[in-house]
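Working from the sequences, and respecting the hints, build out all of it.
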Amino acid sequence: MAQQAGWRSLPKGGVAFRLSTDYKTGDWRALKPVIDYNKCTKCMLCWLFCPDMAIVWDGENVVVNYDYCKGCGICANECPVKAISMVPEA
Amino acid sequence: MAQALVKPKIPVEKQVLMTVNGNEAVAYAVKQSLVDVVAAYPITPQTIIVEKFSEFVANGEVDTVFVPVESEHSAMSACVGAAAAGARVFTATSSQGLALMVEILYIASALRLPIVMAVANRALSAPINIHNDHSDAYLMRDAGWIQLFAENVQEAYDTTIQAFKIAEDERVLLPVAVNLDGFFLSHTLENIYMLPDESVREFLGGYRRVSKVKVDYFDEEVPLALNPARPLSFGNLDLYDYYFEHKVQQVEAMKSVPEVVREVNEEWFKLTGRRYGDGIMDGYGIEDADIILLAMGSGAGTMRSVVRKLRREGLRVGLLKLRMFRPFPFKDIADKLKNAKLVAVMEKGISPGSYGPLFLEVNTALYELKERPLLVNYIYGLGGRDLVPDMVENMVKGLFKELETGLVQPRLRYLGVRE
Amino acid sequence: MVVKTLPEFPVKKGEPAYKLWIFEPGEKKEMPLVFNLRQLAETRRPALLPGHRLCAGCAAPIVVKLASFAFRGPTIVVTATGCLEVSSTIFPYTSWAVPWIHNAFENAAATASGVEAALKALKKTGRLPYDHVDVVVFAGDGGTFDIGLQSLSGAAERGHDFLYILYDNEAYMNTGIQRSAGTPKYAWTTTSPVGSVLPGKMENKKPIAEIMVAHRIPYVATATPAHWMDFMKKVRKGIEVEGPAFIHTLSSCDRGWRHDTALTLEVTRRAVDTCYFPLWEWTPQSGYMLTDRSLAIARNPKLKQPIEKYLELQGRFRHLLKPENKHLVKELQELVDAAWEELLRKASNAPR
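The listed protein sequences correspond, in order, to chains A, B and C. The numbers in the first sequence follow the numbering used here, run straight up by one, and end at 90. The numbers in the second sequence follow the numbering used here, run straight up by one, and end at 419. The numbers in the third sequence follow the numbering used here, run straight up by one, and end at 352.
These are computed hints drawn from the structure, not numbers from a lab. Think of the CB as a built atom: it goes at the ideal place given N, C-alpha and C, for glycine as much as any other residue. Some clues are possibly wrong.
In silico lysine-lysine, DSS-like type, Cα no more than 27 Å apart, as pairs [as the list claims (entries may be wrong)]:
#, chain 1, residue 1, chain 2, residue 2
1, C, 326, C, 309
2, C, 13, A, 39
3, A, 12, B, 255
4, C, 19, A, 42
5, C, 12, A, 82
6, B, 370, B, 341
Between beta-carbon pairs, the in silico distance windows are [what the hints assert, rightly or not]:
#, chain 1, residue 1, chain 2, residue 2, range
7, B, 408, C, 127, 52 to 62 Å
8, B, 270, C, 125, 26 to 36 Å
9, A, 85, C, 191, 30 to 40 Å
10, C, 327, B, 354, 51 to 61 Å
11, B, 19, C, 127, 31 to 41 Å
12, B, 214, C, 318, 48 to 58 Å
13, C, 348, B, 63, 38 to 48 Å
14, A, 37, C, 19, 20 to 30 Å
15, C, 31, B, 54, 33 to 43 Å
16, A, 81, C, 303, 52 to 62 Å
17, A, 37, C, 306, 36 to 46 Å
18, B, 212, C, 203, 42 to 52 Å
19, C, 203, A, 87, 42 to 52 Å
Chain B regions said to be covered by chain C (calculated; three or more residues, Cβ under 8 Å) [what the hints assert, rightly or not]:
#, region
20, 33-39
21, 57-65
22, 76-82
23, 96-107
24, 228-235
25, 238-249
Structure (structure tokens):
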């Protein structure tokens with residue numbers, strides 16, 4: 001881990017100086033969503049509802065960004081065609 | 001008030017002589033200071049500031065947005081929001097109102113928001129009392145605010161304008177409380193000199209300029225404000241890994257304050273011909289004094305008149321008026337007091353179970369000296385009890401007698417209380 | 001200008017996966033309200049970045065995400081102390097892609113008042129480089145129903161132009177599930193535990209949205225993230241009206257409500273289906289109007305589900321499903337029915 005900033009270099013006023021995208025929450029996951037692209041209708045509801053912004057629309061498909069997915073399973077539950085299954089992490 | 005040796009930029013004949021009370025003086029100062037947002041709640045003895053300012057708003061004399069909040073807690077909360085959005089912000093309060101604000105006072109200073117607040121000093125309940133003492137100011141001494149005390153109405157006006165300049169200085173970026181004694185100053189008419197509007201604006205450099213900050217996710221420095229062009233997050237959660245550093249940062253910012261207060265005091269002097277000692281404290285007859293009285297606020301005026309009289313009678317007594325209570329000028333105080341035989345810390349506040357808060361600071365300041373003056377603490381004026389010159393005179397004469405006997409006890413005393 | 005600290009997730013078409021919201025000074029375009037999700041996905045990014053540390057399955061980030069899809073342009077977000085605040089801005093990180101401020105617990109509305117006043121002052125003196133900067137508050141039930149009610153009421157009375165979005169998870173979840181004025185009757189919490197004498201919280205939920213209606217502000221609505229289109233429409237309306245707007249969203253907390261993380265939206269959907277949490281909006285002109293699923297239920301009462309359908313998913317109501325507590329469920333059903341009937345009488349678009 002990088003050396004943490006001391007008081008001399010921290011920005012004034014306690015404003016955050018990094019974006020949370022540097023913090024990977026994917027390791028919280030116990031179950032992993034796997035999308036069956038044969039079933040997926042690209043309805044986008046999983047993208048819309050994902051609380052962790054971990055489902056990304058790449059322009060052609062919805063793709064899971066496992067760096068952030070916490071494995072809550074909302075996507076699988078909300079998928080109208082049940083194209084997402086929650087698989088235990090290896 | 002020192003006399004100008006060089007002609008000030010705006011000589012008195014170009015200044016406006018007005019008869020106003022302390023609250024009105026503060027309201028006029030705010031009106032001239034291009035303040036963007038005033039959020040305040042009425043409380044005696046501060047109310048006139050809000051009333052007067054509301055008149056300016058109602059008559060379209062200012063561009064300021066006035067937020068008539070539903071409590072002091074919300075007043076300071078709105079000030080925090082407005083200052084974070086880049087506005088120059090002012091509020092005013094007293095006593096219970098300040099007590100209600102305390103939570104947010106700490107936040108305002110930690111977020112480094114240059115808010116200016118007038119405090120018309122008043123006693124704290126219970127018993128409820130609307131009159132003057134400094135209990136409210138002492139309540140916020142650890143909140144990370146700069147605390148300045150005015151001795152008279154002129155100083156309240158001058159200090160309010162100066163406060164914006166001090167608060168917004170790059171080296172400082174901290175909120176400032178301008179204390180004026182409730183009723184003694186807030187409601188007392190004095191003739192004062194006001195600057196023309198343009199001079200105040202020029203002194204402050206126009207509207208507030210937001211300082212800049214560097215965060216990792218932007219290449220260049222960005223304005224330290226809520227800015228849709230360069231989003232920043234204010235008021236984050238710090239855990240044990242950063243809270244300590246942020247607090248030290250605040251402490252370090254305080255270290256720059258005396259220098260800035262002195263500079264602003266001198267600049268004001270060049271502009272107006274008025275200055276208040278070096279901006280931090282103002283001594284009167286202290287060079288050769290055996291006994292020095294140390295005081296803040298309007299009481300210093302009464303004490304100065306007594307000191308003047310007693311010096312004419314040949315008593316070696318002096319007065320050190322302290323204008324800046326936070327940050328506390330430990331070294332300067334020790335320098336000024338080091339040759340005295342006895343120092344009486346005169347204050348309008350008490351911490352039950354301890355001494356007056358000012359006394360503790362002075363005591364700490366003197367500890368650094370190899371040979372220290374004796375130190376006594378006089379609590380006076382609680383709840384608006386008047387300080388009569390005779391009381392001070394008898395007190396000083398008594399202290400000289402005690403000095404002769406060499407027995408100065410007890411250290412904590414009251415002036416003007418019945419047993 | 002922006003340092004490349006944002007992850008470059010491969011995107012073939014449209015915006016990068018994650019971005020900050022940057023409105024250069026002078027930029028005056030209004031973002032359209034888009035319901036075509038593919039179009040939305042290619043053109044818009046939420047105001048909340050990933051890497052926030054809200055629990056898996058928390059509804060609060062969904063509330064923020066959906067609301068931000070309905071923002072119309074430059075927006076400053078104010079957040080009260082609470083789960084959302086502590087989990088989205090753990091120093092040195094922030095999850096906020098828009099300017100954001102947290103002040104304290106009870107003063108989100110007062111803080112927003114100050115931000116709005118500052119914007120007004122900057123605009124008045126020609127120093128605001130935008131036509132309009134919207135102010136949106138996110139606050140939980142503790143910061144709204146309880147400790148923040150005075151500040152909210154004051155700001156509403158003063159008429160500041162901001163949208164206040166309550167994400168109501170019906171208890172003090174940030175401190176570990178203590179009862180609030182937003183906790184429903186007979187719910188278990190750690191300070192309204194189910195004991196041998198008391199069956200959970202003994203008091204009713206405070207009707208916060210109706211308290212805001214009583215302020216006669218320009219817009220009040222209820223919403224859930226599950227009814228996303230309805231919610232987004234309401235957010236846009238709340239932003240567009242001049243003056244204070246208030247949206248009460250039901251925001252499930254799987255830890256406190258004791259349900260599977262995957263059921264977060266399902267449970268709020270059932271809250272609407274059972275009429276425990278009807279969807280409506282109110283304006284001084286139109287009065288109460290039912291929306292979305294609640295309007296459908298009003299038109300077709302057969303769609304209304306029994307309250308058990310809502311209770312059965314949640315551990316906090318598990319004790320109510322025991323045979324000896326049947327009368328409590330009946331009482332809750334009666335409360336829900338009475339409130340629903342009253343709403344039907346008040347709603348100008350309910351069938352007569």
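(message) If you test the structure against every hint from before, which numbers come out violated?
(response) Per hint list: single violation, 16.
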